[in-house]
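Student: Chain residues, written in single-letter form:
Protein chains: 2
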Amino acid sequence: MNDDFLMLALDTSQTQGSVAVARGEKVLCEILFDASDTHSATLMPAVDICMRTAGAVTDDLDAFAVVTGPGSFTGLRIGLATVKAFAAVRRRPVFSASSLEVLASAFPFAGPPVLPLLDARRGEVYAALYDVSSGSPVELEGPRDVKPGDTGRLVDSRSAGGAVILCGSGAARYRDILSASLGERCLFAGSAWSLPSAALLAMLVRGRRPVAYVDLAGLEPLYIRPPDAKIPAGMKLREGGGGG
Amino acid sequence: MNDDFLMLALDTSQTQGSVAVARGEKVLCEILFDASDTHSATLMPAVDICMRTAGAVTDDLDAFAVVTGPGSFTGLRIGLATVKAFAAVRRRPVFSASSLEVLASAFPFAGPPVLPLLDARRGEVYAALYDVSSGSPVELEGPRDVKPGDTGRLVDSRSAGGAVILCGSGAARYRDILSASLGERCLFAGSAWSLPSAALLAMLVRGRRPVAYVDLAGLEPLYIRPPDAKIPAGMKLREGGGGG
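Sequences listed follow chains S and C, in order. For the record, in the first sequence the residue sitting at position 88 is 88 according to this note's numbering, with numbers rising by one throughout. For the record, in the second sequence the residue sitting at position 60 is 60 according to this note's numbering, with numbers rising by one throughout.
It should be emphasised that the hints constitute simulated quantities derived from the structure, not laboratory data. Just to be clear, a hint being listed does not mean it is correct.
[To be verified] Simulated crosslink set (DSS-like; lysine-lysine; CA at most 30 Å straight-line):
no.: 1; chain 1: C; residue 1: K26; chain 2: C; residue 2: K84
no.: 2; chain 1: C; residue 1: K26; chain 2: S; residue 2: K147
no.: 3; chain 1: S; residue 1: K26; chain 2: S; residue 2: K84
no.: 4; chain 1: C; residue 1: K147; chain 2: S; residue 2: K26
no.: 5; chain 1: S; residue 1: K26; chain 2: C; residue 2: K26
Please put together the full structure from these sequences, using the hints given.
Tutor: Okay, structure coming up:
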C-alpha cells in the first residue's frame, strides 16, 4: 500500500464503536463512541465527524479497514456492509483483522502473552492468545469460544505457569472465574485496554494483503459460533445467512 | 475519587489534541484531532463533540484531568486555562499528569523501560524514563530536555545495555541520531504510540490526589525549559509569565 494512502477504519465488534482516518502512518482523527443502542444509528454520524475532523472527504479515501470479528453479530454485519459499500463505490481495497488481534496489538513489547477475551454471552468468551514481545501480535492460539473456566487449559498449552495479560470485555465480566482458573499468573490490564480502536486497526493492517474491491463478496464476518438468532422454519437464505 | 465520577480529560501538549469523557473506569468517548493551526480554535469544538457523543452536559462533570507538560507552550496554557475555567465554575477538582508519563502508560507490562521523547525544537527533545513492567509507569528518570544524541547516557544510568522502547514525536524526528546513540537496543514503537490520549490520562490519574478548585492557581504548566518567546524589554509581567 502506498505510504500516503488515506484510510478509513471501523471497529463495530463491541458495544462501543471506533472510527479512525489515517494518512499512511499518521492517524488524523479517531473517535470512540457508545453504540449500545445500535451501530446502525451511531456509526455513520461517527464516520461523518471523523472525516470532517480529519479534513477529508469520501472522494479522497484510498483504502478501508474493518474488524471481521468475533464480536457482536449485528455490529460486525453493519461494519462490513458499510466498508463494502464505501469500497465498492470508491473501487478501493479493504483490509481486515480480527477484534482479538486488535486488542492484543495494544501491548507492544509486553513480555507475557496476551489473552484478549470478548464477552460472547451464553456464559462464554471469545478468546485467542498472542505473543507481542516483538512489538506486534503473533498468533499462538487462534480465535475460539470457550467457557471462562477453561481458559487455563488454553494458556497452558503455550505458556505453562507463566504470567498472562488479560484484556477485553470478557476479562472484566468473568474476572473472578478467570482468577480461579489462571491463578496468580493473571495480569489484568486496565479498562482502557478493552476498548475498540480503529487507529490500532489501521496501523495493524499496514503492509498486509487487502481484499480487492472486485472480491468483496468473499469478505465475511468471523462469527466463530453460529448466530443466536435462527432463520424461522420455512424461510431460506440462498447461502451463508443468519442474523444475530 | 468516587468510582462513578464523570471526568473530562484534555491533552493539548502536542500538535494533535485529545479529549475524553469517562465515568469511573469507563471511557465514554475519546476524540483525537489535529490542532496544528492552534488549540484555541480546535479544543472547544472537540470538547463539545466529545460531551455530546458521551451524552453528557457540563453540569454533570465531577472532575477534570489535564496534561501539565512538557510540550507545546501555547498548547499547555490553553489546556490548563480551559480546565481551570471549567473546574472553577463547577467547583470541582483537577487531576494532572505529565505528557511523557501518559505516553509511557500506553505500554503496560512491557519488559524493557520506556523512553518517551517529545520534539522540543531547537534540536532538543523532552525525555523521561519509565519502568512499566508492573502495568503502570514508575518514573526512573524525570522529565528533562536533552540533545537526542545524549539519550544513551540517560538510559545507561538505569539500564546498561538493555533494550529500551522509544515513542513520541521526538523518536520519529530523530530516529537516526537515536539509533546511533542507543544502538541495537532501540525498540521503536509504531506511530500510534506517539499520539496524545486523554483516555489514558483519565485512567492514569485515577486514585491520585487532585488539586482542589480553591487551589487552582498553584496548578502550573511543566515547561522544563524557559519559553522561546521573550517578554520585550520595557514590559513586565507581575509574576511567572512568558508566552511561547
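Student: Would you mind marking each hint as holding or not holding in the structure?
Tutor: Now the hints, each set against the structure:
no. : hint           : in the structure
1   : C:K26 - C:K84  : holds, 23 Å
2   : C:K26 - S:K147 : holds, 25 Å
3   : S:K26 - S:K84  : holds, 23 Å
4   : C:K147 - S:K26 : holds, 25 Å
5   : S:K26 - C:K26  : holds, 26 Å
Comparing the model with each numbered hint stated earlier shows that all of them hold.
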